[in-house]
Amino acid sequence: VSNHNLFVIIAAGQRCSLLPGVAELVERMGVEYVVCQDVYDAVGELATAEADRAVVVVGGFEELSREGMRLFEICRLRKQTRCCCIFGNGREMASGRFFTAIRAGVFLARGLDEFGRMVEQLAANEREVADLSKMLKKGGNGPAKSNVSMKQGGVLSRAEIEALLGAG
Amino acid sequence: MQRVEKTASAGLDRRNWLVVGELEAAKAGCSKCENMLDAIAMAAQERFDTIFVVMPSVGPAAGALRTLRRVSGGAKIVLLAQMHQEARARALMRRPGKTTNVVDDYFIRPFDIESFGNGAKVAAPAGREQPVGFVCSDYKDATIRELEKLATHDDLTGIKNRRYVREFLRQIIKQAGKEDLCVTLLYFDIDDFKHYNDTYGHGVGDNVLTQAGIMMGRCCREHDVVGRIGGDEFAVVFWDRPDEKKATAGKDEPESERRITESKHPREPIFMAERFRKAIASAKLSFLGSGGKGTLTISGGLASFPEDGETVEELFAQADKAMLEAKRTGKNKIMLVGQTG
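Going line by line, the protein sequences match chains Y and U. Residue 1140 in the numbering used here sits at position 71 of the first sequence, with consecutive numbering throughout. Residue 88 in the numbering used here sits at position 87 of the second sequence, with consecutive numbering throughout.
Simulated from the structure, these hints should not be mistaken for laboratory data. Small disclaimer: the values here were computed from a predicted structure and weren't measured. Beta carbons are placed, not taken as given, at the ideal position from N, Cα and C, and that holds for glycine. Keep in mind that the hints are not guaranteed to be accurate.
[Claimed, not checked] Examples of chain Y residues toward chain U, derived with CB under 10 Å:
| hint | residue |
| --- | --- |
| 1 | Tyr1102 |
| 2 | Gln1106 |
| 3 | Asp1107 |
| 4 | Glu1114 |
| 5 | Ala1116 |
| 6 | Arg1135 |
| 7 | Glu1136 |
| 8 | Arg1139 |
| 9 | Leu1140 |
| 10 | Glu1142 |
| 11 | Arg1147 |
[Said to hold, decoys possible] Residues of chain U placed beyond 12 Å of chain Y at every Cβ, according to the derived structure:
| hint | residue |
| --- | --- |
| 12 | Leu38 |
| 13 | Ser58 |
| 14 | Met94 |
| 15 | Arg95 |
| 16 | Asp105 |
| 17 | Leu157 |
| 18 | Gln172 |
| 19 | Asn208 |
| 20 | Gln212 |
| 21 | Glu234 |
| 22 | Met273 |
| 23 | Ala280 |
| 24 | Glu311 |
| 25 | Lys328 |
Here chain Y stands alone, though its shape is the one from the complex (with noise of 0.2 Å):
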């Protein structure tokens, strides 16, 4: 299965213990990556990234939330972008800068498994766009609107939030 317009942005140095898994995952799904050494270069690929892609952010939270968790705020302003982080452990959700993370709309992911359902989801929600734009250049009677496109922003509803505390 190939996830060309989906994009993964690794923000992660060669040792950090995340990049192997990660980016063997998402080679595995056939979504497009970039390993970043950091989240400066992160947020270069992202600001050169194409307009109209989805893009998706990863990372450790220690890294991610440098220079006062802007890099949340970015994605959050840039359509159709996700920001996940990866947690080894629940111990460092317990800070406040967790809840801060949590209303900028990231997903936070204890372990590789959580964040593979996450691209899973968001590839398959752009395969079916790809597809009712392609039925729309065909003339086709779809719908105007897909009710299936990612959420704007990429916000977590208040369910959601609710569902994540819940289980923390």
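With the hints as your guide, set chain U onto chain Y.
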């Protein structure tokens, strides 16, 4: 992203300038953002001619500047550093073994952005009694650069002058108060300097002073400041950079071990001062001639902030007192404040 509205301003066109960080003088006309992440995002979206990056106490990382360089499409990147950040700014400008610089230029703050570009003259920094130098700019003409050098360097020895050393010490003390830095002042002079002048002439005396400055520079770290205060008196400001201190804190050795217990002086300045004293005493100086002493000796005093003094004047006074004690007790030695015999 937080930014000021772009407006046309008289004179220079500042509409294509981006200022990153807090700069008091960034007035109307410039785009502005608070941190490097916003700067990278903005620079990738629109074209800027020049990007000014105000250096924070820690960072910006070379990686962040490299990314800014990559996405900004040829914009000139100029660092605005404080005096104690000059060595780091210089290193970012001239990276050893690299063909491209991370930044194009740097200025020492306070920096008047109004004076930048198109050969405009550098205005005297506001709120300071004496302007202290600015360096290395392709944008300023040679005359301005020469004037800056004259204002900050000692004409005879080529090292920093009294004005620069005192201003640097004032700024680094202020910084040390905020960031818990170690700052130590070494004040020294040449033993029996009059003898060299009287025996060999003033030309040789000048040579002695120049050699002392050069050798002291070799015995300390790049970011330490070596200056000639006047006559045969020199001063060195030793200090721990914020990033170095943070990087080593709690890693290799506890703070208690980094200081000599009874003196409260950091170990490194004592080591470097002693190394210099021994180096100059053992150097064979041909210009002193076969009939001369052949060697030079120095006496000096060390005073640390805040234990020995909390102001420039107090530190100089205490270091001077220690130096006089070194002279009184036989010369060719470095003494700490409060140390006797």
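I'd like to know which numbered hints this structure contradicts. Please list them from smallest to largest. 1 and 12
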